[in-house]
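In order, the protein sequences belong to chains A and B. For the first sequence, our numbering gives the first residue as 1, with consecutive numbering after it. For the second sequence, our numbering gives the first residue as 1001, with consecutive numbering after it.
These aren't lab readings, by the way, just hints derived from the structure by calculation.
Quick list of in silico lysine-lysine cross-link-like pairs, PhoX-like style, CA-CA up to 20 Å: (1) A/297 <-> B/1147; (2) A/231 <-> B/1160; (3) A/297 <-> B/1160; (4) B/1120 <-> B/1168; (5) B/1147 <-> B/1168; (6) B/1160 <-> B/1051; (7) B/1147 <-> B/1160; (8) B/1147 <-> B/1120; (9) A/319 <-> A/183.
Covered, in the sense of this in silico footprint (three residues per stretch, anywhere, with C-beta under 8 Å from a C-beta of chain B), are these stretches of chain A: (10) 212-220; (11) 244-253.
If you're wondering where the values come from, they're calculated on a predicted model, not measured in any experiment. Ideal Cβ positions, reconstructed from N, Cα and C, are used throughout, including at glycine.
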Amino acid sequence: MKLRIATFVLLIALAIGSCKDGDEPVGFQLTPVNLLIPAHFPLMDVPEWNTPSLERIELGRRLYYDERLARGMGLEGMSCSGCHQQETSFSSGQRTAVLPHLNLGWATFFLWNGAKEGTLEDVMEFELRDFFEADLDVLKGDPGYVSGFANAFEDGGVNYGNAAQALAQFVRSMISANSKFDKFLQGELELSAEEQRGYEIFNSERGDCFHCHALPLMTDNSFHNIGLVDKFKDHLGRYTVTGRTADVGAFKTPTLRNVEVTAPYMHDDRFATLEEVIEHYNTGVLQSPTLDPIMTKAGKETGLHLSETDKGDLIAFLKTLTDTTFLTRKALQKP
Amino acid sequence: MFRTIFFLTIIGLLYSCKDDDVVDSPSSFLEFGISYDVGGDELLEDSIAYKNQADIEFSISRLEYFLSDVAFHRNGKWASTQNYAYLNPFGTSDRIRLEIEPGNYDSVGFHIGLSSSWNKSNALPSRLNYMNMAWPDVMGGGYHFLKFEGHYLDSMGASKGFALHVGKDESLRWVAFPLAGSVHDGTNMLHFRMDILEWMGAIHTMNFHEQPPYTMGIDSLMFKLADNGSRVFEIIKQE
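Take these sequences, add in the hints, and give me the full structure.
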C-alpha cells in the first residue's frame, strides 16, 4: 500500500511537472512594464523579443540623455535629447523642425521623408551606429552602464543591438494620451464652445484636416504634398526614398499632439506660429502636379475660406491636444 | 477502486496543463486571394499610366477598402460568417480565411464596405489601419468603405488629384459569385481579381472633365461609385 501511495504521489508530481508553465527557466528575469495605453488608442505592435521592461526602459533613458556617446561629425557632445526636449514635446524647441518623439510606438516610417522604416529597434540601431556613431567604449568603461546592460540583457552585451533595444523601449514608453481632447474622447469632460467648433471644422470637409491627421494619433503615418512649394529642388521629400514621381514634394504627416509647443512647423521650419500654419491651408496652398488629391477639391482651389472666427476656433481645438503631463512626466526626464 | 481514482487523477492533471487546452481544428477552410490590375495592366503606385472609360488618364496612389459578411449559399440559404476585412494592395491587408463545412455551395457573396453592425464609430478593434479609415463622428461616424485616390490629367493636360471615397450605410453593396466545385477538407482557395478600372466606369463613368474629381460631400456621386464597386470583382480560380 505504501508503495502504491508513493507511486501515486510520484506520478502526480510528474504530471504536474509535465505542464509547460513549469518548464520556465529560473534565472535571468526582467521586470515587465505595462505601457499605459488608453482604450481609445490603437493597439501597439511590440516585438515579442523586446517587450517592455523596467530595466531596458531605464537603460534606454540613460542612453537618450547621454552626451558622451556621439562621435559623428558635428555631433560631438550631442544626445537624442539635444534635439528632442521634453518641454517642447521632444521636438527641438524653436530651433529646427525635427519631428517630435511621441507615440512613435505606432509609427511605421521615420524622418520627414520616411527614409527609415521598420521597428523602433531598427531605427534606434541606425541612430546609434550610423547617425551618432556612438562610442561603445564610453559605455564599456562606465560601471553603471555595464551593470545596466547586465541587468537588462541576459548576455549582458554592451553593443549596438542591445543599446538599440533599450532605446527603443524608452522611446516606446513616450506616450502622450492625456490631453484635454483625450479626456473629451473618453467622455470625461466637454470642450468649450470655441473648441467644439474647431473640432467640427477639423473633422469635417470644411477644414478637412482629419484625412491626414487621423484620430486619435493625429497622423496617418503617411506622406502628402500639402502645397508648400511648387518648385521642388530642395523639397523632394518622399521621392528621395521611393524614386516615384508621385512622391515628389510629399512629407510625413506630423502628429498634431502637443502641436502648441512644437514650433517651428513644416519640414523646412517655415512657419513659426499655428496662425501661419492655418493661413497656409486657408489661402496659401500652391498647385503642383503632385499636390495631394485630398487638397484639390473643386471649390477649394483658392483655399478653405475659413473666417477669422473659424481660424480661432481651429487653433483653440488644436490647443486641446496639449498634454501637460507628458511635457512634465518624471519618468521621461534626464535620470 | 484505488486504481480507478489513480488513473482518473493522472488523466485529470494531464488535461489541466495549459498546452492541452487546444480545441480540435476544423477540417475545412476557405481563403481569399485577391489580385489587382487596371484593365489588365499591372497595378503601379506611380505616374499617370492608365486611361479610364472617359479617356481620362490617371494614376493610383491609394486604394484601401473593407469587405464584410462573407456568406455561402446552399440549399436556398445564406450562411454568413459575420466578419470583415481591411484590404490594401499597397500595404498590409487582413487575411480572409473562413471556417466552412465541406460540401457543395452554389455561391459566395459579401458586402463591399462594412455592414451596419460594423459601421459605427469604434465598432472595430483599435487597430491603426481601421482607425485611419474612420468616418468622423461629426459627419455621422463609422468608417470609410473605400479610399481610392490618385492624379489625372485635366483638359489642359495638367496633373490634378482625384479622391473617391465611399462611406455611409446607403453605400453598402452586396455582390455574389457562383461557385464551381465543392469545398473539400483542408484549405480551399478562392482567387478573386479586382479590376480597379471598373471603379471608374463599370456602370457610371467617372468623367472628371464634367464632374468633380472627388465624392466628399456629394452623396449622389458616392452612390454611383459604390454601384461601380459591385462590378470590380470576379472569381478567377477556385482550388
